[in-house]
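> Construct the entire structure; sequences and hints are all you get.
Going line by line, the protein sequences match chains D and B.
Okay, so the first sequence: first residue is 13 according to this note's numbering, each after it adds one.
Okay, so the second sequence: first residue is 7 according to this note's numbering, each after it adds one.
Quick caveat, the hints were computed from the structure, so don't treat them as lab data.
Please note: incorrect hints may appear among the correct ones.
[Said to hold, decoys possible] Derived pair list, reagent style BS3-like, types lysine-lysine, alpha-carbon separation capped at 25 Å:
(1) D:Lys80 <-> D:Lys94
(2) B:Lys36 <-> D:Lys137
(3) B:Lys197 <-> D:Lys94
[To be verified] Here are the simulated distance ranges between beta carbons:
(4) B:Phe175 <-> D:Leu82: 14 to 22 Å
(5) B:Asp116 <-> D:Ser299: 31 to 39 Å
(6) B:Ile91 <-> D:Asp142: 42 to 50 Å
(7) B:Gly240 <-> D:Gly37: 33 to 41 Å
(8) B:Asn252 <-> D:Leu274: 27 to 35 Å
Cβ atoms here follow ideal geometry from the backbone N, Cα and C, with glycine treated the same way.
As a plain string of letters, each chain reads:
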Amino acid sequence: MLTFILRRLASLPLVMLALTLLIVGLLQFLSPRERAASFIKSENQMRNIDLIIKENGLDQPFYVQYWKWLGNATQGNFGFSKASSLPVLDTIIQRFPATLELAIFASLFIIPIAVWLGTLSALGKDKFLDQMLRVISVIGYSLPVFVVGILLLVVFYGALGVLPGFGRTDTVLAITDPVPVVTGMITIDSILAGKWNVLINALQHMILPVMTLSIIQVASTLKVMRNQLLDVLKADYVRTARAKGLSDNMVNIKHARRNAILPIVTLAGFTIQGLLSGAVITETIFSYPGIGSWGATAAVQLDYAGVMGFALFIGVIVVISNLVIDILYSFFDPRVRFD
Amino acid sequence: MSAVTTAPVTLTKTAGETWWTARPARRFRKNPLALVGLFIALCFTIMAIFAPLLATPKGNCLRDLDVPEGISVYNPFAPLFWKSILVPPQSCFNVHRISFASVPTPPGVDGAILGTSSGYDIWYGLVWGTRTAFQLSLSVVIPTLLIGIFLGGLAGFFGGWIDNLLMRFVDVIFALPGLILTIVIVSLFGKGLDKIALALVLLGWAGYARVIRGEILKLRHLEYIEAARALGAGNLRQIFRHVLPNALTPIIVIAVLDFSTVPLSAAALSFLGLGTPPGYADWGQMVAFARTFIIGPSGSPFGYWYVSFFPAFFILLFSVGWNLLGDALRDALDPRET
Numbered sequence: 013m014l015t016f017i018l019r020r021l022a023s024l025p026l027v028m029l030a031l032t033l034l035i036v037g038l039l040q041f042l043s044p045r046e047r048a049a050s051f052i053k054s055e056n057q058m059r060n061i062d063l064i065i066k067e068n069g070l071d072q073p074f075y076v077q078y079w080k081w082l083g084n085a086t087q088g089n090f091g092f093s094k095a096s097s098l099p100v101l102d103t104i105i106q107r108f109p110a111t112l113e114l115a116i117f118a119s120l121f122i123i124p125i126a127v128w129l130g131t132l133s134a135l136g137k138d139k140f141l142d143q144m145l146r147v148i149s150v151i152g153y154s155l156p157v158f159v160v161g162i163l164l165l166v167v168f169y170g171a172l173g174v175l176p177g178f179g180r181t182d183t184v185l186a187i188t189d190p191v192p193v194v195t196g197m198i199t200i201d202s203i204l205a206g207k208w209n210v211l212i213n214a215l216q217h218m219i220l221p222v223m224t225l226s227i228i229q230v231a232s233t234l235k236v237m238r239n240q241l242l243d244v245l246k247a248d249y250v251r252t253a254r255a256k257g258l259s260d261n262m263v264n265i266k267h268a269r270r271n272a273i274l275p276i277v278t279l280a281g282f283t284i285q286g287l288l289s290g291a292v293i294t295e296t297i298f299s300y301p302g303i304g305s306w307g308a309t310a311a312v313q314l315d316y317a318g319v320m321g322f323a324l325f326i327g328v329i330v331v332i333s334n335l336v337i338d339i340l341y342s343f344f345d346p347r348v349r350f351d
Numbered sequence: 007m008s009a010v011t012t013a014p015v016t017l018t019k020t021a022g023e024t025w026w027t028a029r030p031a032r033r034f035r036k037n038p039l040a041l042v043g044l045f046i047a048l049c050f051t052i053m054a055i056f057a058p059l060l061a062t063p064k065g066n067c068l069r070d071l072d073v074p075e076g077i078s079v080y081n082p083f084a085p086l087f088w089k090s091i092l093v094p095p096q097s098c099f100n101v102h103r104i105s106f107a108s109v110p111t112p113p114g115v116d117g118a119i120l121g122t123s124s125g126y127d128i129w130y131g132l133v134w135g136t137r138t139a140f141q142l143s144l145s146v147v148i149p150t151l152l153i154g155i156f157l158g159g160l161a162g163f164f165g166g167w168i169d170n171l172l173m174r175f176v177d178v179i180f181a182l183p184g185l186i187l188t189i190v191i192v193s194l195f196g197k198g199l200d201k202i203a204l205a206l207v208l209l210g211w212a213g214y215a216r217v218i219r220g221e222i223l224k225l226r227h228l229e230y231i232e233a234a235r236a237l238g239a240g241n242l243r244q245i246f247r248h249v250l251p252n253a254l255t256p257i258i259v260i261a262v263l264d265f266s267t268v269p270l271s272a273a274a275l276s277f278l279g280l281g282t283p284p285g286y287a288d289w290g291q292m293v294a295f296a297r298t299f300i301i302g303p304s305g306s307p308f309g310y311w312y313v314s315f316f317p318a319f320f321i322l323l324f325s326v327g328w329n330l331l332g333d334a335l336r337d338a339l340d341p342r343e344t
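Below, the structure written as structure tokens:
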């Protein structure tokens with residue numbers, strides 16, 4: 013167990029190396045002049061592009077550039093993002109809490125709802141509710157994120173006018189009643205500051221983006237849950253439990269469902285990836301100031317420093333979360349042995 | 007005691023059995039969802055092929071077809087019919103603009119069946135957008151399939167350092183969410199549907215390669231391959247006659263599912279603004295248009311529903327259809343299912 017964790021941890025720098033090589037390598041498709049753009053912060057510098065190329069060694073061979081990039085990166089210098097008019101690292105620090113907040117709220121809904129509906133569906137196999145849920149699930153995971161977002165906006169914001177559509181809080185509220193930034197997550201910050209009106213407003217703003225992020229994930233997780241539970245229900249020990257005279261409820265919930273939930277843990281990796289790529293589109297639709305909407309703007313504005321910093325950051329999150337999930341899984345399931 | 011064999015399960019072939027009466031086809035026909043999926047997929051295919059008949063060319067498109075205004079394309083004996091279906095000029099993909107109004111007009115006005123958004127005919131955009139989606143699917147799925155099979159086959163059959171190198175590369179591709187890596191590559195190459203297709207090919211082969219490698223690793227040690235080798239079959243004959251045909255089933259299913267995911271990923275990128283110039287018949291852009299008209303005119307907040315509803319419905323129907331078809335194929339082709 014311990015050796016497994018240590019070995020996985022040891023592989024982390026290797027994966028990071030590959031990831032940074034990929035990102036810096038992709039940049040080589042651009043000419044030195046185009047790459048120089050990520051070093052420009054003011055108009056004055058525009059006149060000295062050749063100087064910038066010389067100073068940063070942008071015309072040097074790849075390994076020199078990579079070494080230089082690595083040196084800068086270890087000092088927290090990932091270039092300047094045009095899209096946010098801030099250095100890349102500052103942008104990430106400023107915007108990531110908003111994305112994290114959305115992802116946390118979304119995952120609070122995804123797993124419980126998917127497990128609950130998946131159980132209902134499997135226990136009533138081929139009954140009306142199961143058929144309904146299967147159709148809804150197919151529709152759910154077929155829907156592209158941007159279509160879900162637009163439809164929700166049209167119905168709840170446009171037609172019914174019951175929910176706010178854009179931003180983290182009302183613009184007026186952000187100006188008249190600013191919340192001091194502590195964690196960057198506005199719900200927590202507003203609780204810390206005791207500003208309940210901001211909290212309620214922020215929560216209202218989060219409903220539609222969180223729904224957009226959750227619907228697709230729930231649909232796909234629900235399907236896996238249903239199939240897992242159906243497999244487990246056929247197992248010998250479930251039959252034994254029934255033969256012993258245990259109540260249906262006891263067998264279904266305590267014996268069967270517990271074992272069916274385990275594979276859902278492995279799905280968590282996919283959920284995190286889904287939430288991160290979903291964030292790009294969701295945040296763009298709802299003008300939500302997280303890193304996803306920044307990544308999208310950076311791509312559209314051809315802000316290479318921004319795009320690469322964004323991709324690298326997402327890559328790091330995915331790699332680390334996969335590692336954590338692997339380790340967690342070996343704790344949850346004693347049958348899993350790694351050697 | 008019966009002899010233990012690792013050869014693929016021999017299917018009892020009854021005399022006169024064709025693919026139509028074989029088990030997968032029978033299983034497919036019995037599944038109502040499969041038939042619904044097939045029907046929807048066929049409808050979209052027909053719509054893509056016969057786009058010029060469903061949304062007739064107008065304006066620049068007619069001019070580039072070298073015909074005056076007022077001549078119909080419906081006559082199958084005229085060369086115009088075939089020309090517009092087989093090689094429509096690029097200008098036909100520009101959505102016909104009925105007016106230059108700044109607000110949408112409802113369905114039925116000025117001959118726009120589904121209304122217009124900023125003067126762009128929604129029906130025209132959706133029909134030709136289907137054609138765009140199919141062009142994209144074909145130009146992405148076929149190359150990814152070939153590259154994936156080739157590289158996956160190389161890795162699986164020869165193993166060793168080729169395998170190691172390719173699979174580590176695949177690992178790195180899978181370390182990032184697909185959409186984000188596609189965004190990175192598209193932003194490097196520049197905007198446009200062709201760049202999106204290129205990015206999707208560059209990343210898409212990895213999935214196929216991994217699956218085909220896994221299948222080959224599973225198959226190559228089976229006895230029937232050994233038997234083929236013992237009978238003197240060369241590497242190529244083993245690969246093409248014995249290994250690949252048995253490894254293809256999961257690949258076919260992924261390819262069918264990719265047929266719907268490819269245009270949808272492209273639509274998502276297009277929605278973000280990395281796709282086509284304004285006015286090109288493309289689903290992502292039509293939804294992006296809808297974003298401008300979320301709130302209706304004053305007094306009727308739901309007034310512009312058709313701008314977002316029709317494109318969303320089209321995309322959903324397309325995606326559900328192909329997903330049902332793909333799932334059903336997977337179930338039908340799975341030999342373990344009874």
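> Of the numbered hints stated earlier in the document, which are not met by this structure?
none
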